[in-house]
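**Student:** Listed below, chain by chain, are the residues.
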Amino acid sequence: MLIAVHHRTAYRYSRAFNHSVQSLRLFPPSGQSQRVIEWHVDIPGIDQAARYIDAFGNQVALVTPPGSNDHLEIIAHGTIETIDTAGVAGFTQEAVPPSVFLRPERMTETSSGIESMAKACQAPARLTTLHNLLGAIHKTVAYDTQATHALTTAIEAFKAKRGVCQDHAHIFIGAARILGIPARYVTGYLLVEGETSSVAHHAWAEAYVDELGWIGFDAANGVSPTERYVRLAVGLDAVTAAPVRGNMRGAGEEKLTVEVVVDAAHSGQQ
Amino acid sequence: MVALADGMMNTQASAKNKGSMKEAPAFFDEMRSADGSIRPAYQKIADWMGQQSRGGMARKQEEAEAIFRRLGITFAVYGDNASNERLIPFDLIPRVIAAQEWRFLERGIEQRVRALNLFLYDIYHRQEIIRAGRIPADLVVGNEAFLPQMMGFDPPGKIYSHIVGTDIVRTGENAFFVLEDNLRTPSGVSYMLEDREAMMHLFPELFAAHRVAPVERYPEMLRQTLESVAPPSCKSDPTLAVLTPGIYNSAYFEHSFLADQMGVELVQGSDLFIENGTLYMRTVSGKERIDVLYRRVDDSYLDPLAFRSDSTLGVPGLFDLYRAGGVTIVNAPGTGIADDKAVYAYVPDIIEFYTGEKPILSNVPTYRCSIADECHHVLDNLSHLVVKEVHGSGGYGMLIGPHATKAQLAEFEKKIKAKPSNYIAQPTLNLSTCPSNVGAGSAPRHVDLRPFVLVGDKIRITPGGLTRVALKKGSLVVNSSQGGGTKDTWVLED
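Chains A and B are the protein sequences, given in the same order. The opening position of the first sequence corresponds to residue 16 in our numbering, with each subsequent residue numbered one higher. The opening position of the second sequence corresponds to residue 8 in our numbering, with each subsequent residue numbered one higher.
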């Protein structure tokens with residue numbers, strides 16, 4: 016499936032910043048489940064960016080937009096060809112081995128509630144355990160955009176029994192790690208089932224299974240990723256996988272707008 | 008980050024020795040042999056001591072204090088409102104290390120520092136030592152001090168810890184132990200340099216009567232070391248800077264001292280910014296690029312975009328720029344994993360694994376509570392041991408068995424049982440003594456040693472280092488926050 020993405024991040028300030036630094040992980044990788052046909056990131060200063068591949072395999076661009084301004088816009092756009100692999104992202108290329116994804120991070124720390132749910136999901140086969148976990152979290156934690164915020168931890172969201180995709184992913188990751196299964200956070204895009212155009216910046220979890228590599232689990236939707244998912248960046252949690260991290264010196268009050276439009280691209284484009 | 012107070016040590020006398028001076032003390036005296044004779048290296052010091060009058064020494068002591076006050080060497084004691092700035096007591100009698108003793112220490116330190124840098128490279132790359140089963144994966148990658156973000160990166164020269172302060176204690180003629188490796192941001196080198204300057208000023212004849220190996224080249228060697236690890240982006244002579252958390256940091260004096268001695272800028276995070284893949288500092292004459300940053304700011308405060316987002320001490324984007332090869336951070340982020348207390352117990356294995364050699368310097372025997380048998384031993388002998396929390400530093404979260412109350416022992420027993428992997432234990436050590444000026448003449452006091460090591464295009468070890476001395480009679484705590492002082496350390500040349 017061909018998916019066209021238009022991902023716009025816009026900052027507006029009540030008082031102009033005099034210096035801005037943007038650490039961008041806005042470059043989707045090509046791999047088993049997707050192939051990048053074309054991709055561009057537009058932001059002033061991108062040509063002078065410092066670039067590298069981080070420990071998790073993400074391409075990073077450190078950009079310092081020139082001058083002082085009261086607004087800044089970052090647009091990532093392009094076309095990705097996706098393949099339905101039943102959620103398998105496979106053996107992706109990154110410096111960190113799966114064992115690193117067993118670390119408890121602040122956002123993914125577990126409570127006794129999460130732990131007993133995790134233990135109840137345990138089955139002889141790792142893959143079964145993970146599917147049990149996917150079902151249990153989807154059933155237990157309701158989708159609610161008002162209940163949590165960007166810094167809510169897995170423990171807090173699980174206690175509230177509500178949250179958004181970030182919270183579902185953190186709970187899944189924390190629970191999998193408790194069971195000794197490496198798990199990581201993925202940000203990306205989702206073209207919602209049955210629609211040809213949707214607004215969808217999304218996040219889910221991936222867990223490691225020896226024979227298959229990394230497999231995606233979207234507990235917010237209770238499914239593994241299909242060809243309607245585009246992987247963008249991975250990390251230990253939402254913080255390390257964040258596609259845009261910025262710092263503004265001297266700026267006034269911030270208004271941040273993030274818009275993502277995902278389209279089923281015309282096949283004629285290929 | 009308390010200057011000189013880092014690494015509170017297990018330097019307590021065993022209960023038996025405490026307070027009972029009638030028995031022959033079980034401590035190694037660095038000046039006198041067991042039969043009372045003076046060891047050769049100390050002969051001239053002993054003769055000189057015999058010639059000094061009490062009043063003369065008192066005057067010299069006052070003169071020394073005036074020197075240090077003028078130099079501005081003070082240290083901050085946290086939570087001490089009455090006098091936030093204090094002088095660290097200076098002991099007039101130098102500690103002497105014979106040439107062949109130093110050669111042994113030097114070889115041992117070099118071997119250790121080399122192996123620990125190889126270990127850091129390995130665990131941030133292929134992790135051969137874990138694959139070989141020589142150290143548990145969880146102890147390394149599950150450790151808070153391990154920085155996953157460093158994986159797959161080659162720092163210039165493959166060096167992680169460029170500036171090292173190895174803490175060494177002596178318990179016998181040939182018994183030296185490494186207590187801590189201090190691979191992150193060790194402090195104290197300014198005291199080593201100032202102690203030497205004071206001694207040359209106070210006792211020029213005594214100094215001239217010995218062939219003392221020089222220490223004053225340290226700032227120059229530090230500069231050479233930093234220049235040798237310039238990043239790939241640097242095409243000309245590298246520009247260096249020292250990054251300090253600011254004037255409220257207890258080691259601020261040292262940061263400004265070292266910058267001054269090297270002739271480079273002392274900067275704070277707010278003086279720095281990144282533009283188009285280059286780190287700059289603001290100067291009166293505009294911006295100037297920085298290639299190598301000797302930072303005295305902890306990892307988690309270095310970059311609010313990569314680590315603690317509330318940090319104002321660092322530079323946004325610094326870590327990305329480092330990984331992209333645009334600047335070198337010294338010491339590298341993530342070196343703390345190699346001086347973590349739980350990893351410490353494996354250092355002898357680490358040395359053998361990477362060098363194929365037996366360790367020259369010994370580790371203090373360390374029981375890992377994560378291992379059931381060792382944990383049993385610790386719980387059975389709690390009152391004789393020093394128990395440390397693996398991620399703790401500066402003496403927080405530790406138990407000194409021989410000095411603990413029943414309640415404290417019970418509390419630690421509970422803590423260890425609840426989370427064994429969080430604790431290690433070590434026997435108490437009988438630190439050697441050196442003569443100290445104590446007002447009523449001289450008397451033996453316990454000492455340790457922190458030599459300073461620089462790792463760049465080559466390994467440079469300054470002869471001697473900082474000797475810390477427990478000035479209170481019978482005390483084995485050399486920390487400046489607890490009545491410890493310093494003394495000049497003389498490595499004799501053949």
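Simulated from the structure, these hints should not be mistaken for laboratory data. Hints are not guaranteed to be accurate.
Stated by the list, open to error - When the alpha-carbon atoms are kept at most 20 Å apart in a straight line, the in silico DMTMM-like pairs for lysine to aspartate or glutamate are as follows:
no., chain 1, residue 1, chain 2, residue 2
1, B, Lys-51, B, Asp-501
2, B, Lys-421, B, Glu-396
3, B, Lys-426, A, Glu-269
4, A, Lys-174, A, Glu-109
5, B, Lys-421, B, Asp-387
6, B, Lys-426, A, Glu-109
**Student:** Against each hint, give a clear statement of whether it holds in the structure.
**Tutor:** For each hint, the structure was consulted:
Between Lys-51(B) and Asp-501(B), the direct Cα distance comes to roughly 15 Å. Compliance with the 20 Å bound is thereby established for this hinted pair. About 13 Å separates the Cα atoms of Lys-421(B) and Glu-396(B), which keeps this hinted pair within 20 Å; it holds. Between Lys-426(B) and Glu-269(A) the CA atoms are separated by roughly 44 Å; this puts the pair beyond 20 Å, and the hint is violated. Distance hint between Lys-174(A) and Glu-109(A) is unfulfilled; the C-alpha atoms sit about 34 Å from each other, more than 20 Å.
As the CA atoms of Lys-421(B) and Asp-387(B) are separated by approximately 13 Å, the hinted pair is consistent with the 20 Å bound. Proposed proximity of Lys-426(B) and Glu-109(A) is contradicted: the alpha carbons are some 32 Å apart, above 20 Å.
Going through the hint list in order, the structure does not satisfy hints 3, 4 and 6.
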